[in-house]
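There are 2 protein chains.
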Amino acid sequence: MILTVTPNPALDVTYTLGQLVPNSVLRPSAVHRRAGGKGVNVARVLHAVGQDTVALLPVGTGDGELLRAELVDSGVPHEFVGTGGATRRTTTLLSTVDDTVTLLNEPGSRLSEMEWQELADAVHRLLPSASVLVCSGSLPPESRTDAYAQLIRMATRAGVPSVLDTSGAALLEGVAAGPAVVKPNASELRECTGLDDPLAAARALRARGADAVLVSLGPDGLLACTGEGVWRARPSRPLRGNTTGAGDAAVAGIALELAARSSWPRVLRQAVALSSAAVLGPLAGDVDLEYHRRELRAVAVEEVDLEDGHAAGVNR
Amino acid sequence: MILTVTPNPALDVTYTLGQLVPNSVLRPSAVHRRAGGKGVNVARVLHAVGQDTVALLPVGTGDGELLRAELVDSGVPHEFVGTGGATRRTTTLLSTVDDTVTLLNEPGSRLSEMEWQELADAVHRLLPSASVLVCSGSLPPESRTDAYAQLIRMATRAGVPSVLDTSGAALLEGVAAGPAVVKPNASELRECTGLDDPLAAARALRARGADAVLVSLGPDGLLACTGEGVWRARPSRPLRGNTTGAGDAAVAGIALELAARSSWPRVLRQAVALSSAAVLGPLAGDVDLEYHRRELRAVAVEEVDLEDGHAAGVNR
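Chains as they are written, first to last, in UniProt numbering: chain U, 1 to 316; chain X, 1 to 316.
Treat the hints with care, as some may be off.
Stretch-level coverage of chain X by chain U, calculated; a stretch enters the list once three of its residues show a Cβ under 8 Å from a Cβ in chain U [stated by the list, open to error]: (1) 62-74; (2) 88-99; (3) 143-154; (4) 198-205.
Keep in mind the hints are simulated off the structure, nothing from the lab.
For clarity, every value in this text was computed on a predicted model and none was experimentally measured.
Glycine included, every Cβ here is placed at the ideal spot set by N, Cα and C.
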């Protein structure tokens with residue numbers, strides 16, 4: 001079972017609009033609501049491809065009621081930690097005219113010390129049946145920045161590898177706890193290392209404690225910096241669609257292959273294939289399973305030869 | 001008591017943002033939630049100025065829970081009709097950079113025949129203690145377009161004057177029922193009459209059955225076309241602020257003076273003063289009471305002499 005933890009989940013609402021024109025009255029032609037937050041999206045993708053998973057998340061008042069109801073309906077296995085604050089909402093404005101995706105992200109409510117402890121206790125209780133721990137998304141406001149680091153250390157003690165997908169101080173402190181993989185995107189990586197070159201920045205994060213750094217490069221795929229080498233993986237073709245949740249699908253692919261102890265090229269292929277399939281899914285956490293099957297064979301993976309900067313094709 | 005009916009209420013959420021840039025991730029610096037819908041805003045303003053009022057509205061699932069809780073907390077007297085569908089949400093995006101106000105309005109859920117009947121029964125029960133009936137806002141999806149007309153006729157039979165503030169077919173059919181006042185804005189008026197000139201369009205609505213037509217002209221104030229003459233009222237100065245709810249505050253002013261059987265110039269003065277005070281209030285339904293007191297003396301009202309197009313100052 002792959003355990004995902006989402007400390008700052010959200011009710012994800014998607015409005016389909018014409019053009020997003022500021023200073024006007026906009027009437028969404030479609031409104032979709034679902035349980036969200038990055039770890040919930042990861043679990044949703046894992047569940048869709050038949051992987052045993054549990055999404056662990058705190059759920060509070062306000063939009064928390066709708067989040068609970070939708071997640072129960074979805075069939076994605078989950079465990080809730082009930083909290084006193086209001087669960088936040090994130091709103092995605094999808095324009096059908098110019099394909100822009102605009103996100104309105106509420107900050108969320110802080111967790112009390114006791115609520116954090118309950119969440120950590122639940123991780124501790126679930127770890128013995130977990131093959132991978134995924135820590136995903138922002139921390140709630142006023143959290144200790146080492147919150148993910150504590151969970152990662154707990155997993156390491158239980159012999160469970162961790163995947164960390166967050167940003168800023170939570171990423172830097174989490175990296176120090178030695179996760180198996182961190183998956184920043186290019187701007188998160190630049191922000192937390194101060195380095196423009198993704199490879200140099202990924203190496204800097206490895207030097208700080210991460211076993212491997214997989215950088216998501218949007219439509220250009222993934223760059224992997226590992227103890228066994230450096231790889232680049234590219235999707236077989238550019239895609240148009242909803243990119244919200246594509247990074248979460250990549251994390252699902254990473255966790256899936258980490259659980260199977262696959263080679264890095266296979267990890268990358270899976271991550272890029274699921275990420276592409278997610279762009280074609282209508283909402284964050286949806287994947288086009290047929291496209292995923294085809295793309296898994298079509299992703300281009302090449303090992304980067306660091307001596308002469310040459311990238312050689314790899315097909316294992 | 002002034003009775004307001006809001007068949008399609010909403011949880012009003014206001015996000016305070018920097019610039020609204022499409023295709024970006026926006027993090028609101030402040031999030032406010034309150035019970036909304038035009039008739040609820042009208043009741044809120046009436047309550048704020050000390051006028052006895054009751055807001056009558058259907059409330060369903062989803063955001064209905066938050067709407068209920070907020071309205072109870074607000075102290076605004078209200079009566080709920082419980083319904084099975086989800087209550088909608090409207091989101092206001094307030095940019096602090098360029099003062100734009102962008103609205104995201106969900107359509108709402110349809111009311112069943114039985115739910116409509118319960119709402120009408122509640123109006124019938126409350127009318128004997130009402131001095132004015134206010135019918136405000138859009139009808140829920142799939143409503144009979146004569147829904148407001150039925151309520152207005154019920155009020156007329158009970159000897160209670162009605163104020164109607166809606167648009168499209170609901171406005172046209174409502175006008176035919178003979179409300180004391182309809183308050184379209186310039187674009188609603190143009191849309192439903194096909195006439196560009198506000199005075200000509202207002203006369204057309206009077207000819208269709210409205211006793212008086214008060215057209216809101218945004219920052220330019222109000223134009224009143226009545227059986228006793230035509231008046232223009234202008235705020236004393238241009239104002240910057242949140243214009244959402246300014247029209248509802250104007251309706252509150254109209255209802256307030258209609259209940260007091262005031263002269264048209266007094267009705268207009270009150271409507272413009274409350275509307276201006278609402279622009280200075282942070283959220284729809286808030287009014288700056290001190291500004292309202294001062295503006296009530298400062299609004300310029302002039303009678304429009306139709307013979308020579310000359311507008312003469314009026315001070316009664």
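Here is how each hint holds up against the structure:
With 3 residues bearing a CB less than 8 Å from a CB of chain U, the region 62-74 of chain X meets the requirement of three and the coverage assertion stands. Using a Cβ-Cβ cut-off of 8 Å, 4 residues of the region 88-99 of chain X lie near chain U, which meets the minimum of three, so the contact claim holds. Using a Cβ-Cβ cut-off of 8 Å, 0 residues of the region 143-154 of chain X lie near chain U, which falls short of the minimum of three, so the contact claim is violated. Counting residues of the region 198-205 of chain X whose C-beta sits closer than 8 Å to any C-beta of chain U gives 0, which falls short of three, so the coverage hint is violated.
Checked against the numbered hints above, the structure violates hints 3, 4; every other hint is satisfied.
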